[in-house]
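*Asks:* One-letter residues, chain by chain:
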Amino acid sequence: MDLSRRLRAWALARPRVLIVDAPGTVERRWAVEAELDRRGWPLAMSPADTDVLLVLGTPGPQLALAIDVLWSQVAQPRHRVDLRATTDLHHRLEETLHALGAATPKEHVDGALPARAGAGHSPEGTDDSTHEGMEHSRHEGMDHSGHEGMDRAGMAGMDHSGHEGMDHSRQEGMDHTAMGGGGHAGHHMHHGGEVAGLPMAETAPDRDGLALDVLRVSIGPVLPGWPTGLLLRADLQGDVLTGAGLSWVDATDDGSSPPADVHPQRAALDQLASLLLVAGWPTAARDARCARDGLASTGQSELATARRRAARVARRVRRSRALAWTVRGAGHLPSERGSAGDGDVLDRVRRWCDVALGADGHVPASPASLDEVAAVLEGTELGTARLIVASVALDRSAANTEPEEARA
Amino acid sequence: MPEAETAAAAWGVLPAALLVTGVALGLGWLVAAVDRVVLSGGGGAAVLEPVRSSVRLLTEQRRTTLAPDRLLWRSGIAAVPVLAVLSMAVVPIGGRTLWSSSADLVWFNAMEALLWAAVWLVGWGPNAIHALTGGYRFLAQGLAYELPLMFSLITVGVGAGSLRTADILSAQAGLWFVVSMPVAFVVFLASAAAFAFWGPFGAPTGADIAGGVTSELSGVDRLLVEAGRVIFLGATAAMAVALFLGGGSGPWLPGPVWQLLKTVAVVVALVWAGRRLPVLRPDRVVEVAWTVLIPVTLVQALVVAVLLLSGFYAV
Chain A
10 MDLSRRLRAW
20 ALARPRVLIV
30 DAPGTVERRW
40 AVEAELDRRG
50 WPLAMSPADT
60 DVLLVLGTPG
70 PQLALAIDVL
80 WSQVAQPRHR
90 VDLRATTDLH
100 HRLEETLHAL
110 GAATPKEHVD
120 GALPARAGAG
130 HSPEGTDDST
140 HEGMEHSRHE
150 GMDHSGHEGM
160 DRAGMAGMDH
170 SGHEGMDHSR
180 QEGMDHTAMG
190 GGGHAGHHMH
200 HGGEVAGLPM
210 AETAPDRDGL
220 ALDVLRVSIG
230 PVLPGWPTGL
240 LLRADLQGDV
250 LTGAGLSWVD
260 ATDDGSSPPA
270 DVHPQRAALD
280 QLASLLLVAG
290 WPTAARDARC
300 ARDGLASTGQ
310 SELATARRRA
320 ARVARRVRRS
330 RALAWTVRGA
340 GHLPSERGSA
350 GDGDVLDRVR
360 RWCDVALGAD
370 GHVPASPASL
380 DEVAAVLEGT
390 ELGTARLIVA
400 SVALDRSAAN
410 TEPEEARA
Chain B
24 MPEAETAAAA
34 WGVLPAALLV
44 TGVALGLGWL
54 VAAVDRVVLS
64 GGGGAAVLEP
74 VRSSVRLLTE
84 QRRTTLAPDR
94 LLWRSGIAAV
104 PVLAVLSMAV
114 VPIGGRTLWS
124 SSADLVWFNA
134 MEALLWAAVW
144 LVGWGPNAIH
154 ALTGGYRFLA
164 QGLAYELPLM
174 FSLITVGVGA
184 GSLRTADILS
194 AQAGLWFVVS
204 MPVAFVVFLA
214 SAAAFAFWGP
224 FGAPTGADIA
234 GGVTSELSGV
244 DRLLVEAGRV
254 IFLGATAAMA
264 VALFLGGGSG
274 PWLPGPVWQL
284 LKTVAVVVAL
294 VWAGRRLPVL
304 RPDRVVEVAW
314 TVLIPVTLVQ
324 ALVVAVLLLS
334 GFYAV
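Chain order of the listed sequences is A and B.
For the first sequence, the numbering used here assigns the number 10 to the initial residue and increments by one for each residue that follows.
For the second sequence, the numbering used here assigns the number 24 to the initial residue and increments by one for each residue that follows.
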């Protein structure tokens with residue numbers, strides 16, 4: 010018994026962590042990532058890949074709902090940490106290990122899951138979404154953008170709680186949302202009908218004029234290497250996006266996100282780190298994070314080391330022919346906004362590298378607007394779209410999509 | 024010819040099969056450990072991490088999704104490691120393969136080709152968009168690497184005058200095939216990374232699609248797919264040693280030790296080189312594969328055929 014508990018504790022000693030950073034917690038996220046890198050705790054790719062869900066700051070209502078959905082998709086054993094400040098970070102992470110390793114699976118089940126997700130979803134969730142579901146089948150051919158997402162997931166979860174085990178029903182339900190799933194809300198319901206409360210994919214002409222399945226998906230608001238809170242809604246044919254629209258969740262309460270006053274070099278390295286993660290270059294992403302974290306130190310020698318690190322990773326990325334070959338030509342932003350954000354993904358990556366090098370005369374790119382970015386996402390593959398989003402600086406205060414419109 | 028005796032005939036089917044499975048797991052661990060060391064930037068303690076991850080995944084809850092295609096999903100998941108271990112059946116261990124036919128190379132290639140179906144099903148099964156996208160990407164990538172891989176295998180077959188692994192080993196008694204077939208060697212290793220969807224060919228499990236085909240897997244399901252990937256990579260490294268680097272031949276040390284050393288060297292080189300690159304997007308890889316790699320591997324096969332006719336190979 011003791012042996013099996015110790016084995017469990019050992020196995021869970023390097024948990025995979027999914028970080029959700031509420032607006033205005035950039036510096037806190039950097040501190041947390043630095044500590045995780047130091048401990049060798051990997052960053053999770055999806056809820057299925059998560060042991061610890063770490064929520065930074067105070068999320069707005071919509072993001073909180075998305076977090077509950079994510080949490081319900083995380084397999085046992087798991088632990089959720091709400092971190093308001095990073096002062097007791099070390100202590101909280103040690104606690105997390107203890108909670109993960111010591112508790113039996115049963116104790117985990119009556120943790121936050123049923124209470125939170127249930128309470129969060131059952132009253133409005135069921136009503137709302139049943140209603141929406143019916144709307145879907147009645148009004149054929151209507152554009153239902155905005156109906157998927159959390160409501161839909163809530164609905165699906167409820168529908169299934171009858172015939173499946175408690176825990177599974179939740180996990181199933183959520184699959185179509187926050188992280189990944191993308192709700193299948195097809196809009197022209199001529200045939201097909203519904204499966205498990207979700208409409209089937211429809212067919213529509215693709216970019217080559219061939220009839221191809223089309224799915225209405227929403228991507229975000231929490232993904233690795235993705236600005237937390239950003240929601241991409243689009244039609245997906247194969248992996249090609251059309252009719253893409255970008256919005257921030259909780260876009261109205263912009264009081265909580267003051268214009269970030271952060272170290273430009275560290276911000277550039279952070280942007281590079283998430284772009285390199287999206288580009289599938291984990292070793293370079295790790296080096297960029299490492300340099301970013303080192304630049305926060307106060308000691309002269311550590312600072313010098315961090316600068317050398319930053320220069321090394323920036324030069325390595327700048328000179329990489331493989332990266333240039335694979336991202337070149339993607340996401341050409343129009344140049345009318347001046348020189349800050351124009352060019353393709355590669356140009357922007359190189360500009361970030363220049364800022365990361367700390368060379369004089371390189372100012373960080375001014376934030377791009379969501380509509381501009383959404384326009385270049387049209388007709389790109391999902392992977393390209395992710396690279397484009399990761400290559401631009403997006404400004405939360407420049408939110409230009411009213412949540413009302415998105416929900417209508 | 025004693026070398027031609029199979030492991031199953033020499034030691035009995037069951038012990039030989041157990042041995043091959045054990046070696047497969049060992050190779051998988053080797054690949055995962057080296058990968059972890061490279062990813063974490065050094066630190067010998069990382070070699071235990073694959074074991075730790077495996078234990079953790081064994082105790083983790085399995086999850087499911089909304090309206091999955093359960094049967095196909097689970098069979099795809101189970102097929103990945105099974106195919107990986109089956110491909111080991113024709114990889115020589117201590118000079119013997121588990122079983123042998125006149126078409127060992129075809130068997131190896133067939134296991135890897137069946138992986139197309141398995142990975143596609145893992146992506147299709149959970150009814151989730153990121154997993155499905157990962158499945159599409161794997162098929163696109165398969166389109167890129169499959170023909171160059173086949174041509175590089177054929178090149179080896181031409182050089183040895185046989186598709187039997189044991190014959191290929193004995194044909195390299197004088198000179199390792201890597202000397203006259205460098206292109207085939209490189210293409211074979213790159214294809215290994217591609218069908219294990221790892222490193223620069225990791226687009227099917229990319230971070231940009233939240234882990235792609237593995238994005239909905241937890242617990243033992245994730246363990247099976249991850250184990251299958253690293254075993255495939257390890258098996259291909261071991262196969263590369265047999266096909267191109269003379270297997271267990273070498274001075275002073277006994278054959279199996281040489282074979283092990285060479286395999287470790289190939290794994291380390293492959294992982295180190297692979298992790299220096301970002302993911303290469305499948306749509307661009309396809310273009311290069313068809314316009315550059317296929318012609319180059321064909322020329323390689325032609326050169327080897329001419330060398331064979333001129334009596335370069337002692338067969």
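Derived by calculation from the structure, the hints in this document are not laboratory data.
Note that CB positions come from ideal geometry on N, CA and C, so glycine has one too.
There could be a bad hint or two in this list.
Stated by the list, open to error - A partial selection of chain A residues facing chain B, derived with a Cβ cut-off under 10 Å:
| no. | residue |
| --- | --- |
| 1 | G49 |
| 2 | E211 |
| 3 | T212 |
| 4 | A294 |
| 5 | C299 |
| 6 | A331 |
| 7 | T393 |
| 8 | A394 |
| 9 | A399 |
*Asks:* Now tell me if each hint is right for this structure.
*Replies:* Structure-based check of each hint:
| no. | hint | result |
| --- | --- | --- |
| 1 | G49 | 6 Å, holds |
| 2 | E211 | 15 Å, violated |
| 3 | T212 | 16 Å, violated |
| 4 | A294 | 9 Å, holds |
| 5 | C299 | 8 Å, holds |
| 6 | A331 | 5 Å, holds |
| 7 | T393 | 8 Å, holds |
| 8 | A394 | 9 Å, holds |
| 9 | A399 | 8 Å, holds |
Checked against the numbered hints given earlier, this structure breaks hints 2, 3; the rest are met.
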